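J.: Since each chain sits alone in its own frame, please combine them into the complex, following the hints.
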Amino acid sequence: MSDTILKVENIKKEYKNFILNDVSFELKSGHIYGFVGENGSGKSTTMKAITGLISLNQGKVSAFDKDFKELTSDDREKIGFTLDEVSLPQNLKISLINTILKNAFNHRDEDLFFKYLADFNIDKDKKVVELSKGMKAKLNIVISLCHNASLLILDEPMNGLDPIARDEFCTLLSDFIEENNDRAILISSHIISDLEKICSDFIFIHKGEIILEDSKKNIENQFLKLTLDNEEFNSFGKKKIVRFKKIGQNCDVLIENNEENKTLKGVKPAEAEDILIFLIKGKKYEEN
Amino acid sequence: MKKIKGLLLKDILQSKSYLFIYIFVYVIFAVVGIFLAISSKSGTEYFNDPNVSEESLAIGLLQSSILSCIFVFCLSPMYAASGITLSFQQDEKWNFDKFAVASGISRKTIVTEKFCFGLLVTLPSFIVSVIVAIVIAIMNTYSLKYLVVLYCLLINIGGLLIHSSVALVFNTFLGSVKGRVWLSIATIFGLLLEGGIFYFYAGVGINNVLYGSLITFGFLLISIGIAIGLYFLSLKAYLNKEF
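From first to last, the protein sequence lines are chains A and B.
Every letter in the first sequence is one number past the one before it in the numbering used here, and letter 11, counting from 1, is 11.
Every letter in the second sequence is one number past the one before it in the numbering used here, and letter 112, counting from 1, is 112.
Only chain B is shown next, with the shape it has when bound in the complex (with noise of 0.2 Å):
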């Protein structure tokens, strides 16, 4: 544990210089999401039927913004998962893997601190994804928006696993070069599968609580199954490097 610890404070202190940048992006991320929030809402309720229902327009707004909002529930993931491969690349760049490896710092405790980094480094990106759907929750007059929005950031949590552990398997597997080209091709099925979930959920979970819990809590099960799986994946990788 000890070791993790020191070799996640390396992580995050070689990190700091590129920590201006990562907040900006986090910042242009939540604005955007904030606003696409309101744009949908707004575009909603300007074309909206006057005969329908206030809790079906309630539901129709959810809809429309967490639909509009998927952009930023799925790309912010995408970038957080960069900041793993970024602590690849130094670590191979000033050869610290080969020192940390030669004086006995095991293999495995290696990939156990890169995966809890890559965790870490997805923290902002959840940070961004709760501001957002609590601005689309305080605009929503629907009764169960609180539920929804929770479901949606459970979503965005197994999206982070998902994200962040391919970037870990992919790292330990072909170094952070190579990685980082399967990362990108890798990651368009990410953003597709977890885009996907998000669809599926705002078309039928919403508005029935069943189908919401099991899409959600399946999805968020998945996840955890592939990190999980990915985390030993990577470790066997690395156990077999060669320096």
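Chain A extracted, bound-state conformation (with noise of 0.2 Å):
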């Protein structure tokens, strides 16, 4: 088996207000991939199209090797899907929903579950609906861990977590990769800050096209920041500006990484949320 464990080609899904288009990218085992973009930019789209949820109108998904209409019950269990809130009947005590889902999957782990429930300091013995929302976002992930499964994908799984808890997801998520490198994990969010300590890839998306797709190191190496007044702005190499933002008097630039660059006064590394505003946000530099 090649080290490709899904792959997204050319996909489109069309809505009334909204064109997924063309969009293309695959995952590698041994990392973590952070989907970015803004709401309503086509990440959860995306991800609803490589889990089946919605059919498409163009491209192909294929997981393992194997296109995904063609994949086995099995197959398919090796995917752990979550979405940004707790999908299981909240009206039932966590042990009787394990029941349940031991029942509904072939691979699942039950000491595991419990292991995690205990780590984590959830009561088994709770229904749903009494957990917090940062447990209840723990819960979800630890559901999709406990199948076995070699690809997680994670719909906004930190919406609404506190600074504790969302350092405790990223670390079960680490570990989680780290365990067993076969596996791999696509996390979207619009909170870029959060993904920077655990991704090494980033997918840019935007208006439903994907912007930019590479490893963290790579696209933080492509660019460099710096500010500058209005005067200085006016007179700064124009065709050295790869984006804009004017704030105030001030104006920030996005700029290449280069041997020039480097040396200017004032400039910074940029970093992937950076990035990713100046590329959403930012304008280009149009002589006329």
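Hints were generated in silico from the structure; no laboratory data involved.
Just so we're clear, the structure is a prediction, and the values are computed from it rather than from any experiment.
Please note: incorrect hints may appear among the correct ones.
[As the list claims (entries may be wrong)] Capping the alpha-carbon separation at 20 Å, the derived lysine to aspartate or glutamate pairs in DMTMM-like fashion look like this:
no.	chain 1	residue 1	chain 2	residue 2
1	A	69	B	242
2	A	216	A	3
3	A	284	A	231
4	A	127	B	92
5	B	3	A	3
6	B	16	A	125
7	A	93	A	130
8	B	98	A	75
9	B	93	A	130
T.: Printed below as a string of structure tokens:
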């Protein structure tokens, strides 16, 4: 088997007010991919397409070297999916949910489930509805982890979590990959700072199209940023500017990372979050 | 099969919180049915012409008891079918349907489980019909009374199949919210159809075994056909469902 766990090729999905257009990317084992974009950029639609929740107008999804439609039930169980909210009957006790899932999935590791519950201090005798938002998010991910998934697809899993819970969550995901390098995670968020700690790669999506896809290191090595006042901006070599944003009397500028630009006064490394904001909200300089 | 068992378990456990109200409603159905059976017998006896033969009197009593109990025989399956809608509604509310499909439980498994669950929730309704039918049989002296109540129960099974499969098809096609509205409309037609069959059977089938058998087994076969057809229709709808 190749190290590509999931391959998305030119998928297209048309809605009345939104088009997911020609989206392609690959997920390789041993990597955590941050899937980043604004609200409404197409993250959830892409994830739904990957997991078979929606049909496609065009394109192909394959996982574990097989076309998605040819995946067996056992193959499908290797894909763990969580939504931003708990997708379980909330009026039931967690121990009962375990009984249900034990019966509904072929490869469920019950011992691991109870181990995770103990690690996260989740009381198995509580009903789901009685858990805090953070606890629910943890339960959500624990459920995905316990049917021996090789690929986790997590749609905004950290929504509403406090900083401590976010940190625990990040550790859990890192451990998941470290334990077995044949696994991969695709995690979406509109808050990149959450993902910067754990993601090895980023996929940026904007208005239904992938605008950048590369390793975190390569993305951050591609660009530099600096802040100029208006006077400096006007005299700055415009050809150097990839994107710029005017903020009051100043102007933030994204420039390419090359030997010449590195020597500029005040230049700083651009982090993934800065780059995304520049690419989405920044303007291209057009000489006219 | 294992996955269906797991999903059935979920639906049963989820329905537990509604168990008390379900039992209460079915007890009401049973009590009303028994009351209607007894009162229709007393009424028919009171107005009876003394010149009518004992056999004819017994047939008349059976007819009036069954006609009175159409209310229970028909409304109880309708109520039973609401169990499926409730189960769909809960899955949509908690996003369990999305989770299940995305986690590798096939759409066919989900529809098949709902179909099975639909049949399961009609069991209490059938038990109520059995109780009412037994009361009717005990009170009557007609020589073929057990055959008659057996046929009534078979017609009732047909009704249960139709109600539960119609509920399935509306929920898979339209979701639980829109499905509930259309199901209410369809239920009225279901009630009229099932009530009509009972009425027809009571009128011409009770004292004629051949007609009675034709009506009963004809309706049962048609019901089975409708249920199977609607199952496949539901499957088709669910396979194309977008979450």
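J.: Under the constraints set out in the numbered hints, which ones does this structure not fulfil?
T.: 5
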